[in-house]
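Participant: Listed below, chain by chain, are the residues.
There are 2 protein chains.
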Amino acid sequence: MKRLLSLALLAVLTLPLMAQQKRQFTLEQLIYGGTEYWNYAPEYQQYGFWGDCLVRLDVEAAVMLQDEKGKPVEQTLFTADDLSAAGFGRALNIMAATFPDGAKPQALVYTTEGTMLYDWQTKQAVWTLPRVEGELEFCLASRSTAFERDHNLFVRTADGRDHQVSRDGSRELVYGKSVHRDEFGISKGTFWSPKGNLLAFYRMDQSMVTDYPQVNIALPNLEGKDGSRIAQLEPDKYPMAGETSHKVTVGIFDPATDRTVYLQAGDPTDRYFTNIAWSPDEATVYMIELPRTQDKAELVAYDARTGARLRVLYTETNPKYVHPVHPITFLPWDDTKFIYQSERDGYNHLYLFDVERGEQRQLTSGAFVVTDILGFNAKDKSVVIASHENSPVRTNFWTVSVKNGKRQMLDGGEGVHSGVLSQGGAFIADRWASPDVVRRYDVLNVTHPERLRTLHDCPDPWAGFEVPEITGGSIKAADGTTDLYYRLIKPTGFDPAKKYPAIVYVYGGPGVRNVEETRNWDARGWEIYMAQLGYVVFVLDNRGSSDRGFAFETATFRHLGDQEMADQMQGVAYLKSLPYVDADRLGVHGWSFGGFMTTNLMLTYPDVFKVGVAGGPVIDWRYYEVMYGERYMDTPQENPEGYEQSSLLRKAGNLKGRLQVIIGYNDPVCVPQHSLAFMRACEDAGTQPDFFLYPGDGHNMMGRDRVHLHERITRYFEDYLK
Amino acid sequence: MKRLLSLALLAVLTLPLMAQQKRQFTLEQLIYGGTEYWNYAPEYQQYGFWGDCLVRLDVEAAVMLQDEKGKPVEQTLFTADDLSAAGFGRALNIMAATFPDGAKPQALVYTTEGTMLYDWQTKQAVWTLPRVEGELEFCLASRSTAFERDHNLFVRTADGRDHQVSRDGSRELVYGKSVHRDEFGISKGTFWSPKGNLLAFYRMDQSMVTDYPQVNIALPNLEGKDGSRIAQLEPDKYPMAGETSHKVTVGIFDPATDRTVYLQAGDPTDRYFTNIAWSPDEATVYMIELPRTQDKAELVAYDARTGARLRVLYTETNPKYVHPVHPITFLPWDDTKFIYQSERDGYNHLYLFDVERGEQRQLTSGAFVVTDILGFNAKDKSVVIASHENSPVRTNFWTVSVKNGKRQMLDGGEGVHSGVLSQGGAFIADRWASPDVVRRYDVLNVTHPERLRTLHDCPDPWAGFEVPEITGGSIKAADGTTDLYYRLIKPTGFDPAKKYPAIVYVYGGPGVRNVEETRNWDARGWEIYMAQLGYVVFVLDNRGSSDRGFAFETATFRHLGDQEMADQMQGVAYLKSLPYVDADRLGVHGWSFGGFMTTNLMLTYPDVFKVGVAGGPVIDWRYYEVMYGERYMDTPQENPEGYEQSSLLRKAGNLKGRLQVIIGYNDPVCVPQHSLAFMRACEDAGTQPDFFLYPGDGHNMMGRDRVHLHERITRYFEDYLK
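As they're listed, the protein sequences go chains C and U.
Quick note, the first sequence lines up with residues 26 to 747 if you use the numbering used here.
Quick note, the second sequence lines up with residues 26 to 747 if you use the numbering used here.
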């Protein structure tokens, strides 16, 4: 008996040791692009709706999980084999299937041949459309496809006929592509009318824009593009802040007449045409128009048939900037009403508009940001939104009554949710996570939130691994009042008696945030890896970052870097207050705006940070582009001091610690000139940064290069911070 | 007494300690471009000849030191103030003065206004010529100047008239400039006839050559060239091995008629026209012509007035290559005879030719290289040469009798000499050094070598500094028979009981050698610096390097890198045999061909070399240019295995140690594609080199950047090899 007892005691005593013998992560497991990354990511599931019926879309089958009333079922609608048997090539991944009509047993699916509308009762194709090369946008309503060929825009109608929209397209005269460098929420250049009879499209004349001379080196296969092995020039039109910008116009093409009218918006010089939207009856096109100064936004209606400018429905001005990124959204039950989103009261909120009489009333309000409109519930006359109302670090779903603005929360109120609303508006397929929930798939009932049904609770993919402790919290900003949210990762095998080196990971720029109350507080895989190597990792969303409202974001206006750094230094003070952080071994790392922050922190606080790795950094805002740059900095002509003070070229001589700058050599966003000029400035100032580049890569490393990159970043901290 | 004795003993014992307290060098003192470099370089003096009278040319005065018989005098001929008083601007540095006519008290000097022929007896200008903008070449005989304006070639005659030679000059059609990428000894593109009546010039059509897209980033002054701050494309015609090359022709311009005739050399496609020379009577132009294969050289005479091809005087072929770099030189006493230099017997030697009858006889022979013709002594009918006859690591002066080939050594026979021969051929102003002589200025008597007179023995500029021990020696090459010369630098404060890290500095390519029996065995300042930091430095001239004859140089033919590395590994074996060398801490560094060698050694012997720094490396000979590349490698089409085997892209996955590649970002010699492609290859192979660049710099860093560079190189070895 005694012997048994002591064995049991031994077992208890060895538990901590066994915990330390848990598995260790590799970069191949933690970094997106790693060979084992997907083996250790939370399970991925895809859900869609056929009308209000919930369907799980697997790789090989579509399975209905509940009917339109929400009653659980389990019925396979069709399989990949069914689709392949329909005689239009082999079925591709079913996860991309959609259900155009809740009243018909039909799914829009993709095969090796093209697009097919498939009837799972007859097991036949309703129709098929062969793949169109250069496809830009397909319109289901008319089965027309906009596509590009040799720089020109074409439309292929359902009858198979090709209609040439433009004839003078070139590298300089661009048709049907995203414009304004993807700012203002723009991500494409074609916009089908609701019934698919007309195509609105962007035309961009960038002949007057200076080329940035990007160079494509011939890669190790020793063969360049044109049969030569010599490096090739690949010029890219890049309008830098304060320089001549491109001119955009909007055309409306009618395949029935093969004619185009252009919206009569006036001289396009130094103007932005954004957020294109159609009226449900296809008669009117709306856009939001801004002057280059970005201090005014006008919602303007145009006659789609003639291009005539009809009226200005709304004008918003702000001495800093107005930043519309959401096209108007019509109420499905009333073609005369739409929702406009604006930050004018300090937070992004919804406003109800009438197509004739303009603004009607504000639908949501409060010191929180509405982030998304999922859709509408026509029965209840409500709009379904996502917002940060519960907490700036949470995203939850709510209904908002269009009649009285009353809001009702739809999910459990915790964590960060994303989802898709059923066509009828009755259900949401909800994917969410929190520090306590790895990932959970729920289906939410929009009218009866209490009838929440959990579809799948994902197991922890990191079971068996030694995972560091990750906590979230908040500190005060440098202004003494604003709450800033952070996450803190302790080294694995944490010993409170030890002193650890600490790394600040930072982004800090507009439109992005890093800390959310989701799985691991949204920690990136590399942070886990560094914790495993014995580093404290700290991430703080400073003022200027996203989703905290206009005042928070614009605290940095015209002087990018200053307030952001002041806040990050609050984070550093907090870090230094932790007894287990070695204040003599602080590092910093960030990419893009975070590269700007990293470099800036290394140069501004040379005695605080010993080691930094700055990726794709902005070095001088004069080298950045017009749309983003001038929004936050005005032009160099208007704000010379701001540009001068924020230029890191001027601070190159301050470098004391070890700073490695890393770029994608073909970065079209933050062009190589930034980092190359910084190297030159350091050389002239007699300081010694380190530098690395990835030829052929853009603003971010992807795939295998991403693993290589993080091995590199890790090595640098291991070489100099440990 | 006992106390005194012990004090004396103490003094003896502390001597080594005191020696260690000598001054330490900084990079600013040791690196060319450093702020104090010139304070610690051997004293520089400039000597010239007025006829056979020796003149010392100081910054502020010209002082005659001996008369035409060699009798010592000390007479100031003129001062800078004298020149400035002549009414043609302020005198520039007198060191550049020359004496056109031994019979007249006249010096050709330069002032802020231009060129002046000054008479120091009348203290007046004989004539003056204002500076010509874009000057290419001035001809004293006719006082005509060839110059460039807007890509076109002009001649300004003594009467001040401008004659336009070309009208269609452009970036692609180049007049009056060096051609064939400065290979074959070409360094300029204009060649005045002896009396200055005619101008031979190169015309190069490179419109068919691919552009390499060099990019000039706007530098930190934030202003680019064209008033834009955006990076500028600066394309550079760069014919890569095996690709389409340029076409060169040679014109003869006559300012008297304003007409040009072109030499009727036939189709210039894939041909090299080199070593242009005039007959003394201006009637004939000679060039050496090679096909692109470089396996044949023809010396061809042309009628300068008509351009007619007169005759081929000599043809030399070699299955490897023929490499003429010396234009023919006429005997001053016989206009029908000239000297041709050839490696055809295995070493560069002199051959006497007759303008009508061709080759007469070989003038020098033996297993040594003649490096230079200084000139002639007409009285003795001898030619004055420099050669390695005494030793491959020495350069000495000799006379060679044109009649019987008899040679007589003119200097003391040690060290490395350079000098200038007096116009009459009686004296040489000799500057030389050896491991025992910092720098000495002698005047040699060509007909009476025993009458050597030392003018100045330079004091050691490093007195008071702790200078490492530098020795020279030889080992056997990998072939077991060939002697290879090295220098070895021990760490300062050397302790034979210690183990030191060692760095191999290497070049190893054709046309260059690093080890000469001169001051410090030609050690570079950085080597001294590294010795001071505690490194052994070793430098070995492997087979393939210069001045050892054709077989030695061509041991590497078609497979650059292989034999060179085999020899360097012999050096490594020797290093490892030294008891004080730590074989686990070997580094390697080199630039250009030495960068190729460094990278190759790191990749081929990853377990031997722990740290390397490769500057401006050739990575793949397919990326190098036609003239040099195809001489040593043939074309990629002819020698695919050789190119493939020597490509470092293929070995990128072998990297184990730390390798930093450093380039001038605007390197026009070894274009950035080399190193960028290598980075890409390493990224693809999963290895981690380091990389750095100097925007705006070319193939070598100069000025301040050179100090920055060596600080950087040093830091890398200190970080990883120490």
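Please note: incorrect hints may appear among the correct ones.
Note that identical chains are pooled: a pair holds if it fits in a single copy or bridges any two copies.
[Claimed, not checked] Calculated cross-link-like contacts (lysine-lysine; reagent style DSBU-like; alpha-carbon spacing at most 35 Å):
| no. | residue 1 | residue 2 |
| --- | --- | --- |
| 1 | 262 | 404 |
| 2 | 524 | 94 |
| 3 | 47 | 129 |
| 4 | 523 | 272 |
| 5 | 262 | 94 |
| 6 | 747 | 515 |
| 7 | 681 | 47 |
| 8 | 635 | 213 |
| 9 | 747 | 523 |
| 10 | 601 | 523 |
| 11 | 220 | 148 |
| 12 | 524 | 681 |
| 13 | 404 | 515 |
| 14 | 428 | 129 |
Derived by calculation from the structure, the hints in this document are not laboratory data.
Participant: Each hint needs a verdict: does it hold in this structure or not?
Facilitator: Hints versus structure:
1. 262 <-> 404: Intra 49 Å, inter 71 Å, cutoff 35 Å: neither.
2. 524 <-> 94: neither (58 Å within a copy, 83 Å between copies)
3. 47 <-> 129: Classified as neither: same-chain Cα gap 52 Å, cross-chain 95 Å, threshold 35 Å.
4. 523 <-> 272: So residue 523 and residue 272 fail the 35 Å test inside a copy (60 Å) and across (72 Å) alike.
5. 262 <-> 94: This pair counts as neither: shortest intra-copy Cα distance 53 Å, inter-copy 73 Å.
6. 747 <-> 515: For residue 747 and residue 515, both the intra-copy (15 Å) and inter-copy (33 Å) Cα distances are at most 35 Å.
7. 681 <-> 47: between (39 Å within a copy, 30 Å between copies)
8. 635 <-> 213: The answer is neither: 43 Å in one copy and 51 Å across copies each exceed 35 Å.
9. 747 <-> 523: both (13 Å within a copy, 29 Å between copies)
10. 601 <-> 523: Answer is within; shortest intra-copy Cα gap is 14 Å, inter-copy 43 Å.
11. 220 <-> 148: within (27 Å within a copy, 98 Å between copies)
12. 524 <-> 681: both (23 Å within a copy, 32 Å between copies)
13. 404 <-> 515: Intra 50 Å, inter 90 Å, cutoff 35 Å: neither.
14. 428 <-> 129: within (32 Å within a copy, 110 Å between copies)
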